[in-house]
Amino acid sequence: EAQVTQNPRYLITVTGKKLTVTCSQNMNHEYMSWYRQDPGLGLRQIYYSMNVEVTDKGDVPEGYKVSRKEKRNFPLILESPSPNQTSLYFCASSFTADSGEQYFGPGTRLTVT
Amino acid sequence: GEDVEQSLFLSVREGDSSVINCTYTDSSSTYLYWYKQEPGAGLQLLTYIFSNMDMKQDQRLTVLLNKKDKHLSLRIADTQTGDSAIYFCAESYNAGNMLTFGGGTRLMVKP
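Protein chains in written order, with our numbering: chain P, 277 to 389; chain E, 3 to 113.
Looking at chain E on its own, in the form it has when it is part of the complex:
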């Protein structure tokens, strides 16, 4: 079955760039997502990328997709303390919209 994996933890200093990585196994994934979960809150969609794209940029966020290696990354430029949260990578097929999530990466931003 499909599997999505992420590292558990990342610590960066305020102002640095953060790079959160994700690998997935299902080559038929059509959509790949990044969600943010702040303490006590639900999941907030940050961005998503179609599988026929290599890169997507949205303000401080850059998503890179290496479809050959099934590797997805989220880069946060100029990381702020408000970026501290758990970040989930997810993928889905074209139909049915069943999302498969990774275990989440906890980002800690030190002042």
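Chain P extracted, bound-state conformation:
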């Protein structure tokens, strides 16, 4: 089954404790992206990757890191999480940067206390 998976689905952590949210797709997509969803703000892009070893900042990159060592994986890293990073996070992928359709993962709900 073609899909985008994220882990964990739910995470409660404390300020300053490094964490990684994994994202994996099995569709051989070149383009991958991370979004956060907050009430009243909709979805905002954090980082995106056009291909392996190619990453770039989205609209709200502060406090986040990403890596793209392999085509299928695009982890989101919070080196020192803060309460304002409490949010719902979505990973997405598409065949190329120009293709019209992105496939979204199920979301990761993160709470930072």
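No lab work stands behind these hints: they were computed from the structure. Wrong hints could be hidden among the right ones.
[To be verified] With a straight-line cut-off of 20 Å between C-alpha atoms, the simulated DMTMM-like cross-links for lysine to aspartate or glutamate are:
{"#": "1", "chain 1": "E", "residue 1": "Lys-38", "chain 2": "P", "residue 2": "Asp-332"}
{"#": "2", "chain 1": "E", "residue 1": "Lys-38", "chain 2": "P", "residue 2": "Asp-314"}
{"#": "3", "chain 1": "P", "residue 1": "Lys-347", "chain 2": "P", "residue 2": "Asp-332"}
{"#": "4", "chain 1": "P", "residue 1": "Lys-333", "chain 2": "E", "residue 2": "Asp-5"}
{"#": "5", "chain 1": "E", "residue 1": "Lys-58", "chain 2": "P", "residue 2": "Glu-377"}
Starting from the known structure of chain P, arrange chain E on it as the hints suggest.
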């Protein structure tokens, strides 16, 4: 910068048509999308339209684009209770595929 706006809430009766509206500011948008998000689930792409089109129909869904007014709408015919969800409008440029989303419209369908 670019901005995408939607009304927050829409309530309709089962069997009626729903029309969800969206406005955007960036005239260079190439793709315009509608996504559906059900409770506890990720986003599901419903349909998208290229900026050189005025209308796209897909079963119960009709997308209308008024490029002059930068207005996009999604019409759902014969709305069902299973259509209750949050609907997001989004736009993107041709390159880079960075999507800019609206805040979402919560559709409630009453039996």
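Restraint check for Lys-58 (chain E) with Glu-377 (chain P), where alpha carbons must lie at most 20 Å apart
Holds - the C-alpha atoms of Glu-377 (chain P) and Lys-58 (chain E) are around 15 Å apart, at most 20 Å.
Check whether the Cα positions of Lys-38 (chain E) and Asp-332 (chain P) lie no farther apart than 20 Å.
violated (27 Å)
Taking 20 Å as the top limit, are the C-alpha atoms of Lys-333 (chain P) and Asp-5 (chain E) close enough?
Measuring from Cα to Cα gives roughly 18 Å; hence the hint holds.
Given hint Asp-332 (chain P) paired with Lys-347 (chain P) - CA-CA distance at most 20 Å
At roughly 15 Å apart (the allowed maximum being 20 Å), Asp-332 (chain P) and Lys-347 (chain P) satisfy the hint.
Please work out if Lys-38 (chain E) and Asp-314 (chain P) have their alpha carbons no farther apart than 20 Å.
Answer holds: Lys-38 (chain E) to Asp-314 (chain P) is near 16 Å, not above 20 Å.
Checked against the numbered hints above, the structure breaks only hint 1 and satisfies the rest.
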